[in-house]
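**Q** Read off the chains here:
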Amino acid sequence: MPVHRRSPWSLPDSEVTPPALFRARRRFLKAGAGSLALSAGLASGLGGWVGAARAAVERPGKLAPLEVTGTTHRVDEALTDYEAVTTYNNFYEFGAGKEDPAENAHTLKPRPWTLSVDGLVARPRTFDVADLLATQPLEERIYRLRCVEAWSMVIPWIGFPLAALLDRVEPLGSARYVRFESLIDDERMPPRNRAPISYPYVEGLRLDEARHDLTLLAVGLYGEVLPNQSGAPIRLVVPWKYGFKSIKSVVRISLVEDRPLNTWQALQPSEYGFYANVNPEVDHPRWSQARERRIGEFFRRETLMFNGYGEAVADLYRDLDLTKWY
Amino acid sequence: MVLKRPPEPKWLGARWVPPATVALCLVPLAVLIGQALTGALFPNPIEALVRGLGDWTLRLLLLTLAITPARRLTGWTRLVRLRRTIGLITFAYAVLHVLAYVGLDQAFHLPTLWADITKRAFIILGMVSFAILAVLAATSPKAVVRRLGGRRWRRLHRLIYPAAILGVIHHAMMVRAGWGTAGEHAVILALLLVLRLPKPRLAGVFGGRGGAEG
Ligand code: HEM
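Chains as they are written, first to last, in the working numbering: chain A, 620 to 945; chain B, 210 to 423.
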């Protein structure tokens, strides 16, 4: 599996950063390439702005920077442009269109923020996210993100393993699942922007999935704190599952005995399940999951089982019929 | 109550009206291509192009359907000249929408295309709608109309209603939650369908008498 442990700072100078390349191409196209360049221009304007080369993580300089101990996981593929990562989002509290969250999420007010951890735990606690940032060592992890809508990105997250937080509250032996809940607040998420699904947004994991080393509580991306539209100030990232599992702007985590009913499964059980593991062989009824468009690329690519993290996670599902438990 | 209708403007019969209509209907296409070329459809330009073309196919189809009610309401008979023109441009957008999906989105990847057209209800409905539009486009030249005869031609071209209904359902089915803009399309289509009811029934719907001739 192409997950490596190495520092991004050690990459050779010859590797180009995608944003610069994108801007250069844009300038070239704006300069008015003649009709001969039309087809080449179409290809370039329609995708293909991601450099073939792998880029170092370059801070965009827009939000507060975060210190990390190092890059502990790294998928060996080109990063998705910061601009794309932060303008093409699903965050239904701020609207159903991909561009809506970037436009509307300025009302979120992610600081101060508290995160309650309760349920079947020995020490229920309410964490101040600022304290969490100060006490929890932060790592950078470059993961693929695969949306159930058949598009994908590669994002340099910053965060810490969910397991570290769970350890601090000491789950009881009876706890079998973890339930997550997003903020819902009429002032910070005005109802007029919301897409028509039920709120608060709820997600869930089996306890062993939640404890898995790849399962991250993210507080930043691209070297800085999370932009509001990306789920500030704290969100889940489960890289081998479809993006809707990676719940945003979390306010409550509960350890429970019964499998939580997650929002999308409640809305459309024939299309969205509890597990939502990336699986090219199990189609969504309305589109094939066999291939995906990596944002920034022209041609679709094959979707990988468990989004390419099979070596690390397949064991979790040894006894599960993945066609039935999609 | 009898509404006084504005008289038909003279320019409606002018020679420049059909080409101007074509030009106007092609503006959205020009804008989409311009946006695709300049990177304005960033960050998922192919999706934006497929959807933009689908949206304009449906909007122009609804515009085509609006011509006859508009003529009935205004009494401007020369509006009908534009119906065929707009209908044909609608079909051109449909062709581009399908080509963008087959050629750009799926890059002619046959296994995926095959799976889509055999398994996905929303694609199948789109295809049926597209097939109807193709038949209507093929039977719109004057020579074909003459060969078919007015009555048969008119009956055949009533298929535009199922085409529009299927188009709206095709759109609504791809929306993941609620209706999105498919709701607006559905409302406009419903209104146009009501306006197209034969006059006595239309009068029934509005609880009054039908208007004058139309
Ligand atoms: C062979 C026929 C057709 C195929 C294969 C097809 C395919 C598609 C696809 C793949 C999408 C985009 C789905 C997505 O992005 O998730 C779409 C959207 C759409 N199509 Fe079609 N389509 C067809 C015919 C039609 C026809 C005839 C109409 C109009 C009457 C139409 C109107 C639309 C509309 C309005 C949308 C949604 C645009 C939006 O989201 O803004 N399509 N179609």
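A hint or two may mislead.
Stated by the list, open to error - Derived lysine to aspartate or glutamate pairs resembling DMTMM-like cross-links, with alpha carbons at most 20 Å apart:
| id | chain 1 | residue 1 | chain 2 | residue 2 |
| --- | --- | --- | --- | --- |
| 1 | A | LYS717 | B | GLU217 |
| 2 | A | LYS717 | A | ASP750 |
| 3 | A | LYS943 | A | GLU916 |
| 4 | A | LYS728 | A | ASP750 |
| 5 | A | LYS681 | A | GLU702 |
| 6 | B | LYS328 | A | GLU890 |
| 7 | B | LYS328 | A | ASP695 |
| 8 | A | LYS728 | A | GLU758 |
| 9 | B | LYS328 | A | GLU718 |
| 10 | A | LYS728 | A | GLU843 |
| 11 | A | LYS717 | A | GLU900 |
| 12 | B | LYS328 | B | ASP314 |
| 13 | A | LYS717 | B | ASP264 |
| 14 | B | LYS328 | A | ASP938 |
| 15 | A | LYS681 | A | ASP737 |
| 16 | A | LYS717 | A | GLU702 |
| 17 | A | LYS943 | A | GLU890 |
| 18 | A | LYS728 | A | ASP805 |
I should point out that these hints are in silico values taken from the structure, not numbers from a laboratory. Predicted model, so just to flag it, every value in this text is computed and none were measured.
**Q** If a hint holds in the structure, say so; if it does not, say that too.
**A** Against the structure, the hints come out as follows:
For a cut-off of 20 Å, the pair hint linking LYS717(A) to GLU217(B) is broken: about 45 Å separates their Cα positions. Note on LYS717(A) and ASP750(A): the hinted pairing is violated, with a Cα-Cα distance of about 32 Å set against a maximum of 20 Å. The suggested pairing of LYS943(A) with GLU916(A) is violated, with an alpha-carbon distance near 32 Å, which exceeds 20 Å. The straight-line distance between the Cα atoms of LYS728(A) and ASP750(A) is roughly 17 Å, inside the 20 Å bound, and the hint therefore holds.
For the proposed pair LYS681(A) and GLU702(A), the alpha carbon gap of about 11 Å is at most 20 Å, so the pair holds. For a cut-off of 20 Å, the pair hint linking LYS328(B) to GLU890(A) stands: about 14 Å separates their Cα positions. Of the supplied pair hints, the one linking LYS328(B) and ASP695(A) is violated, its CA atoms being roughly 35 Å apart against a limit of 20 Å. For a cut-off of 20 Å, the pair hint linking LYS728(A) to GLU758(A) is broken: about 24 Å separates their Cα positions.
Taking the CA atoms of LYS328(B) and GLU718(A), the gap is about 30 Å. The hint is violated against a cut of 20 Å. Only pairs whose Cα atoms come within 20 Å are accepted, and LYS728(A) paired with GLU843(A) is accepted, the gap being roughly 16 Å. The straight-line distance between the Cα atoms of LYS717(A) and GLU900(A) is roughly 26 Å, outside the 20 Å bound, and the hint therefore fails. For a cut-off of 20 Å, the pair hint linking LYS328(B) to ASP314(B) stands: about 18 Å separates their Cα positions.
Annotation: proposed proximity of LYS717(A) to ASP264(B) holds, straight-line Cα distance about 17 Å (limit 20 Å). The suggested pairing of LYS328(B) with ASP938(A) is violated, with an alpha-carbon distance near 29 Å, which exceeds 20 Å. A hinted pair counts as satisfied when its Cα atoms are at most 20 Å apart, and LYS681(A) with ASP737(A) does not qualify at roughly 34 Å. As the CA atoms of LYS717(A) and GLU702(A) are separated by approximately 13 Å, the hinted pair is consistent with the 20 Å bound.
Restraint check: the Cα-Cα separation between LYS943(A) and GLU890(A) comes to about 12 Å, which is no more than 20 Å; the hinted pair holds. Of the supplied pair hints, the one linking LYS728(A) and ASP805(A) holds, its CA atoms being roughly 12 Å apart against a limit of 20 Å.
When the structure is compared with the earlier hints, violations turn up for hints 1, 2, 3, 7, 8, 9, 11, 14, 15 and for no others.
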